[in-house]
Amino acid sequence: MSQSTPQLAKSASLISLATLLSRVLGLVREQLIAHLFSRTATDAFYVAFRIPNLLRDLFAEGAMSSAFVPTFTDYLTKKNRQEAWTLASSVMNLLLLVLSLITLLGILCSGGIVNIFAGHFHSVPGKFELTVLMSQIMFPFLPLVALAAIVMGILNSHGRFFIPALAPAMFNIGSLLVAILLYFWLPKNNLDPILGMAIGTLIGGLFQLLIQVPLLFKEGFRYSSRLSFKHPGVRRILLLMGPGTLGLAANQINIFINTWLATGQEEGAVSWLNYAFRLMQFPIGIFGVAIATAALPTISAHISRNETAELRNTISSSLKMVFMVNVPASLGLVFLSTPIIALIYQHGRFKASDTNSTANALISYSIGLFAYSAVKVLVPAFYALGRSRVPVTISAVAVGLNIVLNLILIKPMGYRGLALGTSATAILNFLLLFYWLQKYIGSLRPNLLIVNFLKVLAASLIMGISCFYFHQWFYLFSPHDAATWRALVLFCSIGVGLMVLFLSCKILGIRELDSALNLVKKRLR
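Numbering follows my numbering, with no gaps: position 327 of the sequence shown is 339.
Because the hints were derived from the structure by calculation, they are not lab data. Don't take each hint at face value.
[To be verified] Label-pair ranges, simulated between beta-carbon atoms:
1. Val40 to Trp197: 18 to 28 Å
2. Gly521 to Thr89: 35 to 45 Å
3. Tyr452 to Cys121: 48 to 58 Å
4. Ala495 to Gly454: 51 to 61 Å
5. Gln94 to Glu141: 47 to 57 Å
6. Glu278 to Ala408: 27 to 37 Å
7. Tyr452 to Ser112: 15 to 25 Å
8. Lys91 to Leu520: 44 to 54 Å
Bear in mind the structure is a predicted one, so any value in this text is a computation, not a measurement. Virtual Cβ for every residue (Gly too), placed ideally from N, Cα, C.
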């Protein structure tokens, strides 16, 4: 039975509720970093964190999860639970072995790795060395978060969504608490206080894993120390992962290229791009990932049962939901970029000039927001179909375009061109994936999806323009520039925009509005 739009919204609601908490805590974490640390320190931290983060998306939330969930679901559907648990244990053991070796190698070779990512940091005294030290501290984060992702996949396959989605919130809580505690202690020992963020990242990764373990055993999991590369399920996962590792990593490779180019720009460019990307990821994390995560087990089950018509309906419903929530979010970020960033970040060491620079990057990133979310729905479908080579080829084309666009746009636009190039790449990635998926499952009725997208885009443009002019008008009557008043003006502007969006969607007959409203309401309960 296919998962309809209302059913999909209901399944995604639990994930989004927990993810909302995680994203809010993530913003608090970013606020803390922007408030307490200099541009030099934050640039160093973000580059250092990006190194294990890239590997995380390959071995944890990216290729591994997309290969593991369909295989594990297939074992649950067609075989007995004991065989499924044996497969899970084998994958965990294999991950722990491989990633421990990668972690050790990464720590030993961190100087060379950082030199590849940020060789320009040598020009600022101490910046390169600080980046190397933090990368060494954070490398063990990789096996922790990879195991957490596997446990999340297991629980999702059993219909357990809330606790796994809550796990990233525990990461943010752990990293925040440790960073605050060490901020005052480290300088007394002649150590840079930004090191507290690196240590907090490691502790947060441990929290992210441990919160899921009790529920895992409650579902009946029994750990086995067996490690077999010949296990048919493990071999299937490796075959799916092998050629597909690059497939889900397209955005991360783009970020690496952006990082390398950004380190050669003005001081603070790496941090501005990171703050903007984090804000753009907020709606993706709350809605895009939630929709994709809720849909993946259903997509895998449809494929396992050869239910092609139901599969098409589930994917189409998922894409319509992605458009309904992410296109308005994208236009909202474009039209209100400056007041949003000023309210969240502009305090402490984060100045008005930083706000303007980050807003410019956010506008460029937001253009591709809907595509980022849509890709998270489409790519796992290829893995479930056993067609992981397709995302590989498409991502190679996308990465090639990204390199060309970055080199072209960085001269006239600077760091802003890097964000715009990344958005263009994400859109191309989505369009090519959508086109090729239809070759394997039949038509997804693109004409109807295009009409749906254009209607949502029109309603979102009306909303965005209304937000912008209401904010400008309201601000003219501001008695002062206090943060409380700025927050009131911003929230009132967003409220007006949402009312305009609601009316526009009703007039244009956008059916997904009700499902999207239900999804948003359940986030706020």
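For this structure, which hints from the list above don't hold up? 3, 7
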